[in-house]
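Undergrad: Using the sequences and the hints, build the whole thing.
These protein sequence lines are chains H and E, in that order. Everything in the first sequence is counted per the numbering used here, starting at 3 for the first residue and increasing by one. Everything in the second sequence is counted per the numbering used here, starting at -15 for the first residue and increasing by one.
In short, the hints are calculated from the structure, not lab data. Where is the CB? At the ideal position from N, CA and C, for every residue including glycine. Not one of these hints is a red herring.
In silico lysine-lysine, DSS-like type, Cα no more than 25 Å apart, as pairs:
id, chain 1, residue 1, chain 2, residue 2
1, H, K30, H, K4
2, E, K8, E, K30
3, H, K377, E, K30
4, H, K377, H, K96
5, H, K30, E, K60
6, E, K(-7), H, K4
7, H, K30, E, K(-1)
8, E, K30, E, K60
9, E, K(-7), H, K30
Beta-carbon label-pair distances, calculated as ranges:
id, chain 1, residue 1, chain 2, residue 2, range
10, E, N103, H, T325, 43 to 49 Å
11, H, A58, E, N103, 26 to 32 Å
12, H, V310, E, N103, 46 to 52 Å
13, H, E26, E, P123, 36 to 42 Å
Sample of chain H residues at the chain E side, in silico, Cβ under 10 Å:
id, residue
14, L55
15, G59
16, G161
17, G215
18, K385
19, G392
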Amino acid sequence: MKLTDEEEALRAGHFGPAAQWAIEHQIKVGDYLGAADLVPVSQAHIMADTESLGVAGVEWLERMARLPVEQRRVRIPTISDPRGTDFAAAHRLKQQAWMLDLEQRAIAAFEALGVLMTNTCINYQTIMPPVLGEHVAYGDTGVVIYSNSVCGARSNFEGGPSALSAGITGRTPRYGYHLDERRMATLVVNVGWTPRELNDWGDLGGIVGRLAGDYWQVPAIVGIERIPGSDEMKHFGAAMASYGSVALFHMVGVTPEAQRIGDVLAPGGAVRRFEVGMADVRTFQEGYAKAIDSVDVVVFSAPQLSLVEIAQVAGLLDGRRATIPLLVVTSLQVKPDADRMGLTARIEGAGASVLSGMCFYQSYAREMAEANGWKRLATNSAKLTNILGGYGYQPALMSMAACIDAACNGGRI
Amino acid sequence: MSGRIFPAKAGMGRKVEGRALTAKDGFSARYDLDRVRGTFSRPEHKLAGESYVGRVLVLDAAKGGVATAWMLHEMKARGVMPAALVLNAVNPIMVQGAALADFTMISGFDLDITQAIPNGAMVEVDPTGPHPFIRLMAPG
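TA: Structure follows, in structure tokens:
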């Protein structure tokens, strides 16, 4: 990789061992993936829940946090993805003391590095959405795909170590979706039915993700009949990223780089073509609901809920009472507004729990299942459905209204 | 040196030998594994129930989210990890995770590597030279 004088100085250790490790890591990754050089980035976003970090990862962070202050601080705005708990609700979730201790240690280390602990995966709705063409280094696949596709920003999937490296060096290897040529469509999906509910958008995203198949594929969606809202795009993208490891899609006439299909088709390039209709979406949904006639817990999470989704949940719960655990997970930025507007009180008054700053699957989902006796779970998040099978859950994928009906009917679906 | 060699487009880590655990399926540490027991845990995965500890995983494509970038490091610290990862297609997360953990990984072949390496075969994975490869030592 071609390095500037400053990057050579970073590599030589002139800015301390954290910066030296960071740029060596970036060179290793960039060499593997064919990067010619590094590109300056304006923001970084770090996924680092302690279930992923483990004790080894937390100790690794703590070693970095013990460096002299001038050698350890990030140099661009660097924010955090959801944590592994909501400390105020940890006892209700039956999380264990060692989990909370590990979380506190990780948070202290990140704060020492200068990371802004936003603890959110919907920063594009609440913190500072990136703008068209802005190079960033984001973690959380849902954040990356939304930022790339809906905002037109430029990021690869940056796992925790790489996002932290970008925060420390202010740059990232220039490969993948930082390059114009990588942003052209490789498959075209003609959609014969425009989803209505959020879970429908997630289902469609999951189907497209499966068709795409791997990270380097870029779907162009044709045939959507109206402009989707931010929450709809959020569920659509998060599911596509989850099922297909996809980091960028275009929606013709909607997303900024694809006003026309020709804008994202390379001249002379071959693309795969698919047709997807309502029947495919229903088949996808039924694949997760079959053989389940009741659930133990209902979860709205992954991604964290926007204020609008919180209001929808509150409205659906008015005058009713949840008789099984119903968890509503949002961001630390949305929660104070929900409190102030009385939405939290309405939801919790109906027997549900509003949690913030965490995400369900990043919060020791397997241990929570064992501690609480949760096995069968209903959600409207296709992403969550895709993840939780590996944690031992039987997930059912349903609309928000159907999930709340289940929660208020003793779990029957 | 005997045995058929399959060159890869990229690699990192050290040379290892081990028994292949092969399937035409994806790989994500968060989505697919019970990392405490060292087994594939997602019921739909073609290797569900199989132990991956010490095995050379030969799989199709990197899947899922960003957690694997930390998880390979965590798995290595506890010694409950595969010997190497051999993939038709990587995503950046696998590369980042392998870089942090100093883990052996190669990827990118002229053929479908999951069809070329039988499950249970003894293999050598060598990412150290300019031309990384997997060598089929014995079919298993």
